[in-house]
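Q: Letter by letter, the chains look like this.
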Amino acid sequence: MKKIFIILFSVIALSSSGQSITAIQYSMGFGSGDLGDFVGQPSFRGFTIDYRKLVQPNIGVGFDLGWNVFYEEKSYDTYTAGTVSYSGKQYRYNNQFPMLFAADYYLKPGEQINPFAGLGIGTMYSLRNTDMGMFTVEQDAWNFALRPEIGVLFEANPNMSLAVTGKYYYGFEAGDLPAQSYFALNVGFVFTK
Amino acid sequence: MKFRFKNLLFMIAMTSLLLLGCYPQGAEYYEDLDVVYTNFDDTFNFASTGTYSMPDKIVKIDGNVADGEDPEFVQEPFNSQMLARIKSNMTALGWTEVDSPDEADVVLFPATWTNTTIYYWYDYWCWYYPYYCGWGWGYPSVSAYTTGTLVMTLVANGPDYIEPTRVWTSAVNGLLSGAYDVNRVNKGIDQAFEQSPYLKTN
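Chains A and B supply the protein sequences, listed in that same order.
Counting in my numbering, the first sequence runs from -9 upward without gaps.
Counting in my numbering, the second sequence runs from 669 upward without gaps.
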């Protein structure tokens, strides 16, 4: 893991010349696995900021930062564990903060429609709150995370493109939580410098 | 068009503010925060019992009861309304009320409080019957805001028990909206019994 980060840092640092691209995207999340079980509703609150240095015209390396908030209001229900039962409405929150080093491969660099695929590796902070009455149960984890991605850039002008991307985040079991995963559909702008 | 770094920072800031502004806020109404807690002793055979007694006043726990003094009680008509609801639920589960706690299989202690942290409270039942003087119950400590809690506890009696033994604890907790809202409390009382089917006696 550390070696991967060092290599990525080195590649970015050595590529002092050349173009860079920055993407700011609105992100919708769809939980899977344990996250999907905990919050059944999709998330419509999220964004990502991606930065890539183009080390080759068709290869960009950089980082991803993001935030997706999953939320669900559960109906009044009774939850039992052993001899203890609680009844009430639950308010469930799952915050995901991916922080990843990433590399993308662009299939049609310089063309108006430019599909690409990429891979991210790093960490994802997961913060889960289960609110019931005046009480909350808080669980968190720093998951080691992988994130494959596919997307398309639609060039509006030489400095700006529109982007549609799909990302799948998988954070391995850590801390208080089992593996956390979700699919994100992002739309936004990409600025080229 | 040249894209500038300060433009990027501005967009990031705006995006963050937008997201923070629509962060889900959770409960909207007082009722949404009502919680009913129950716990029981799974070694106790409720089915083999059938009589209970209960004080005719609901104690208000305020942490200030002095030696030899009676505690404060919930005012009427709320006191009677809540006790009637408790009795109807007990009756529905097959229990018969008796006057003397000495003759009852179990005693039901109802109490309310509105303070912050509760561990164990003693000396609140001396007025009812000397045997229960010095007894405290084990509702988990609560760090509350301005919540109100009604606690109902069933305590076993009889030759098998050297000292009062808690066999069922229930807490109906909610954010206070002002005066007693008997409808909310009664709903909580019903729920406490509904989620405790093991209380049914023969």
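It should be emphasised that the hints constitute simulated quantities derived from the structure, not laboratory data.
Be careful, since some hints might not be right.
[To be verified] When the alpha-carbon atoms are kept at most 20 Å apart in a straight line, the in silico EDC-like pairs for lysine to aspartate or glutamate are as follows: (1) K64(A) <-> D849(B); (2) K79(A) <-> E699(B); (3) K64(A) <-> D700(B); (4) K79(A) <-> D724(B); (5) K755(B) <-> D724(B); (6) K855(B) <-> E62(A); (7) K79(A) <-> D849(B).
[To be verified] A few chain A residues facing chain B, derived, Cβ under 7 Å: (8) T68; (9) A71; (10) T73; (11) S77; (12) M122; (13) M124.
Just so it is clear, CB atoms sit at the ideal spot from N, CA and C, and this is done for glycine as well.
Q: Hint compliance check: list the failing hint numbers for this structure, sorted ascending.
A: Structure breaks hints 1, 4, 6 and 9.
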